Amino acid sequence: MTDDAPATTASARLDPIPGEWRGVSPKYIVVDLVGNLIGGIVSVVVASFSIWLLHWGVWGWVITIAVAAVMIVLISLTPRRVRAIRYQLREDDLVFRRGLAFQRIVAVPFGRMQLVDITRGPLARALGLAELKLVTAAAATAVVIPGLAIEDAEELRDRLVALAETRRAGL
Amino acid sequence: MSKVDLADGGWHRLHPATPFLKGGIALIAVVGVIIANLRERIFEWLFPQVAVCPPGEGWCEADPFTRLLDEYLVPVLLAALGIVLVFIALFWVSWRMHTLRVTDEVVEIRQGVIFRSHRKARLDRIQGINIQRSLLARIFGAAKLEISGAGAEANMQLAYLSGANADALRAELLRRASGLRAREAAEAVERAEAEAAAVVAAGEEGETAEAARATLADIARQRLAEFSAPELDPNLAPPESVVTMSLGRLVGSTLLNVGTWLFALAIVGIVLAMVLGDAGPFVLFGLIPMLFGFGSFVVGRVVKSLRYSIAATADGVRVGFGLLSTSNETIPPGRIHAVEISQDILWRPFDWWTVRVNLASRSASSSSQAQLTTTILPVGSRDEVFKVLELVLPSLMNDDTRALVEAGLLPARPEDGFTTSPRRGAVLRWFSWRRNGFLLHPDAVVLRRGAVWRSLAVVPTARTQSVAVSQGPLERALRLAKVRFHTVQGPVTPSLGALDALDASALFRDTASASVAAIAADRTHRWGSA
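Protein chains in written order, with this note's numbering: chain A, 7 to 177; chain B, 62 to 591.
There's no promise every hint is true.
[As the list claims (entries may be wrong)] Below, computed lysine to aspartate or glutamate pairings styled on DMTMM-like, alpha-carbon distance capped at 25 Å:
#1 K181/B - E214/B
#2 K448/B - D583/B
#3 K543/B - E160/A
#4 K181/B - D21/A
#5 K543/B - D21/A
#6 K139/A - D158/A
#7 K33/A - E171/A
#8 K139/A - E161/A
#9 K448/B - E467/B
#10 K139/A - E160/A
#11 K181/B - D165/B
#12 K543/B - E161/A
#13 K139/A - D98/A
#14 K139/A - E166/B
#15 K181/B - E166/B
No lab work stands behind these hints: they were computed from the structure. All values derive from a computational prediction rather than experimental measurement.
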């Protein structure tokens with residue numbers, strides 16, 4: 007109901023919880039970049055192969071170029087996207103945010119965490135990174151903090167488990 | 062099976078008719094097939110003068126069954142008897158090995174002969190207890206008790222118990238789960254000890270004091286037994302249902318359904334195509350399975366919901382369904398994660414509503430069973446909706462909130478307390494932007510959605526798992542955002558889009574802190590000990 011309010015940047019961009027946000031390791035840009043590159047190459051190859059099969063001629067290659075262009079834009083945005091992954095430990099909950107065009111901010115109360123999971127892919131392991139996953143009774147919570155240094159991830163996990171234990175209630 | 066106390070801490074077996082009830086339908090089918098195949102022979106045995114199969118005819122002689130009976134009658138009979146005995150023995154062994162035990166903290170089930178399984182569930186994690194009586198089981202006075210836990214395969218089935226035992230066991234499980242029993246027992250022991258101390262102090266030294274101590278220990282034990290004697294419990298009297306279902310409304314609401322009308326339109330379309338085109342009347346045969354399917358859907362819904370009942374008990378809300386096969390579920394307080402009151406557009410002239418809930422348990426039996434448990438009111442008037450809400454959200458429903466919820470069922474009015482979408486929200490919510498709004502009560506979030514399909518979702522803040530706010534490019538251009546409340550899986554998805562970005566941020570912030578406070582204050586996992 008704020009139709010008359012001026013279109014300030016504050017109201018356009020979601021920032022419900024100002025405060026000390028922590029980012030993820032810059033090394034995660036490499037992991038994300040490699041994943042995006044592989045994804046981009048696969049989609050370009052699939053697009054060109056199907057166009058070659060269908061004999062669409064010159065116009066078909068426009069589609070390939072478009073796909074490649076979208077992929078290049080996505081890949082070039084990777085560093086910004088990784089920097090947008092942030093989390094904040096407050097007194098009673100963890101707030102997680104990610105996304106540039108599609109922003110999503112989730113708050114998970116410590117008392118609602120059912121388990122905390124650490125996973126590591128091959129590339130992330132080579133760079134000493136790990137991924138922290140929070141599981142609640144709701145599947146839609148879907149909070150995964152990627153790109154944490156392995157020691158940080160383990161420390162955070164232990165801390166979260168301890169916090170969850172002190173605030174545990176029913177479901 | 063006589064009435065026994067299943068919750069006395071020892072191992073108990075199930076109803077002796079269990080194998081028959083579990084395999085009952087298969088058994089009846091086998092007997093039916095045998096009778097159908099042998100009906101001419103049975104006829105011949107009963108009326109030998111009218112021989113169906115005279116000895117001279119060749120096709121009778123060639124029948125392998127005749128030769129088998131004529132030449133190997135004794136071995137065949139022995140083999141049949143042996144198979145029957147083996148099956149009886151297997152059933153008996155599996156019945157002997159299937160035992161349950163209830164202690165103060167957990168309920169345990171051991172079963173299986175070759176593959177043993179032992180399942181233990183904590184009583185304070187019970188999400189609901191369901192007693193089902195299928196038609197066959199009702200004839201034998203047996204019932205199936207299902208203890209629901211949170212999660213997909215977390216249910217414990219006790220099939221079958223005798224009906225009275227099942228009811229008593231449910232009452233006892235709920236009382237123990239509530240934490241009430243532990244407190245009462247502790248008080249009883251304390252009282253008895255105080256009396257003993259008084260008597261000991263007053264009495265003489267030596268043998269008299271010893272005797273007094275012994276009798277007082279008996280008294281203490283008796284006090285304890287009183288708490289487990291269900292006959293003394295007034296709560297076990299069947300509670301009155303607050304809603305009565307009328308046949309007219311049930312049939313009317315089933316027929317006045319958009320799905321039903323689409324189905325009718327499809328039939329009209331097919332008939333028109335048949336008349337106008339030259340497909341011939343054979344197309345009608347294609348309709349027969351559709352009609353059967355639809356008919357069974359209508360009859361199934363009416364039969365299931367006709368004896369619907371909902372009532373408050375000391376240990377939560379009890380919902381009953383079913384005419385021939387009955388199902389009766391008790392949901393303890395604090396096990397309902399979200400409630401949605403919604404209305405099909407065709408129901409609006411009659412002011413009928415349906416109430417659905419999200420529960421952490423998922424019935425192992427079937428999806429139709431799950432649908433039964435989550436539809437807590439199939440169809441009801443507005444007054445009945447409020448009666449049901451008072452049962453499922455007892456802490457939330459009072460005279461003040463009643464007006465707020467009532468406003469949530471009506472079209473939007475200014476000053477009704479809801480924060481609604483701004484005018485530019487009409488880009489995303491064409492018809493409903495005026496109604497689309499939320500209301501934050503300290504204990505719950507109320508979401509009002511839909512102009513054509515009106516609905517009102519209530520999420521207790523103590524039950525939200527997490528809360529999210531999100532914004533896509535189009536929403537960013539319009540300065541809008543979407544808030545979603547994550548609860549356990551179920552028919553209700555509590556989310557509200559097309560909110561002003563600032564309102565959405567405030568709602569996100571306020572719910573996050575409200576749910577932290579509500580979780581800290583929540584004591585419903587031991588609802589009786591508060």
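These are the hints, each one checked on the structure:
1. Among the hinted pairs, K181/B with E214/B is consistent with the structure: their alpha-carbon atoms are about 13 Å apart, no more than 25 Å.
2. The straight-line distance between the Cα atoms of K448/B and D583/B is roughly 24 Å, inside the 25 Å bound, and the hint therefore holds.
3. As the CA atoms of K543/B and E160/A are separated by approximately 33 Å, the hinted pair breaks the 25 Å bound.
4. For the hint pairing K181/B with D21/A, the CA-to-CA distance comes to about 46 Å; that exceeds 25 Å, so the pair is violated.
5. Restraint check: the Cα-Cα separation between K543/B and D21/A comes to about 13 Å, which is no more than 25 Å; the hinted pair holds.
6. The suggested pairing of K139/A with D158/A holds, with an alpha-carbon distance near 14 Å, which does not exceed 25 Å.
7. Distance check on the hinted pair: K33/A and E171/A sit about 32 Å apart at the alpha-carbon level, beyond 25 Å; violated.
8. Using a Cα cut-off of 25 Å, the hinted pair K139/A and E161/A holds, with the two alpha carbons roughly 14 Å apart.
9. Pair hint K448/B plus E467/B holds up; C-alpha atoms about 13 Å apart against a cutoff of 25 Å.
10. Straight-line distance between C-alpha atoms of K139/A and E160/A comes to about 12 Å, which keeps the hinted pair within the 25 Å bound.
11. The suggested pairing of K181/B with D165/B holds, with an alpha-carbon distance near 12 Å, which does not exceed 25 Å.
12. The suggested pairing of K543/B with E161/A is violated, with an alpha-carbon distance near 33 Å, which exceeds 25 Å.
13. Pair hint K139/A plus D98/A holds up; C-alpha atoms about 18 Å apart against a cutoff of 25 Å.
14. Distance restraint check for K139/A and E166/B: the Cα-Cα separation of roughly 31 Å exceeds the 25 Å cut-off, and the hinted pair is therefore not satisfied.
15. Taking the CA atoms of K181/B and E166/B, the gap is near 10 Å; set against the 25 Å cutoff, the hint holds.
In this structure, the hints that do not hold are numbers 3, 4, 7, 12, 14, in rising order.
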